[in-house]
Amino acid sequence: MTAKKLLLTGASGRIGRTFFQAMHTTYDFILTDLKRPDDEVVAPHRFIQADLSLPGAARALLTEAAPDVIVHLAGIPDASASFEQLLPANILSVTWLLEAAADSTCQRFVFASSAQTIEGYPVDVQIHPGMAVAPANLYGVTKCYGEALCSCYATQHGLSCVALRIGAFEHKEANALKNARDYSAWLSPRDAVNLITGAVEAENITFFIGYGISDNRFKRFDLTRTREVLGYQPVDDAFREFNPGPALFT
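Okay, so the sequence shown: first residue is 1 according to UniProt numbering, each after it adds one.
Worth flagging that the hints you see were computed from the coordinates, not collected in a lab. Any given hint could be a false lead.
List time: in silico DSSO-like cross-link candidates among lysine-lysine, alpha-carbon distance up to 30 Å [as the list claims (entries may be wrong)]:
| no. | residue 1 | residue 2 |
| --- | --- | --- |
| 1 | Lys35 | Lys4 |
| 2 | Lys178 | Lys5 |
| 3 | Lys5 | Lys35 |
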């Protein structure tokens, strides 16, 4: 069986590197980013440097790459970023890329959304499918835009789209979880790989929003539908891995 050809944007980022390293023997990757990855890209995989915020860049890239699936991880993941900082990577890039994808060989578009789309809700409110978006910052607003654009291209242009609301992705050794919200929203590297793989492989999807957290004892998101639709089976738990203790909740 021929491996699926994946175009992975944001390939030099933390999640992009993690996904590629875990799955480089499973898929045929074309990697792209503004800068080259720190790790060597081994054959048969290729890296194509590109600025997808430029008109025509996405269409040229897809013409060359001809992917079966696009995993769009590129973006500015900064809750404090200004609109001017967010516009190229978080608005223009996804706009041009979805437009080009709808006219290409691409069969599935996987969009890295964010938990910031719902951070306007209190931290003690668990988010369930169907709840209205509630961004607390402009970064979250740009991810709401990306989700809406995916829905448009799915329903109006027949491009299967999966948006993943990714939580607090951190490697354990980074020791970067600071509060109860971070623990409830943690996404471990291996669970991130399983989540993205599920988004690539799941069948019979027009448009779906999945939730990207691990199997934490207390969960910022209800994972029921994500498990059902994407076959996602997270295995890690921030409260077990980090053992924060009761002081975190006082």
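Verification of the supplied hints:
no., hint, verdict
1, Lys35 x Lys4, "holds, 24 Å"
2, Lys178 x Lys5, "violated, 38 Å"
3, Lys5 x Lys35, "holds, 21 Å"
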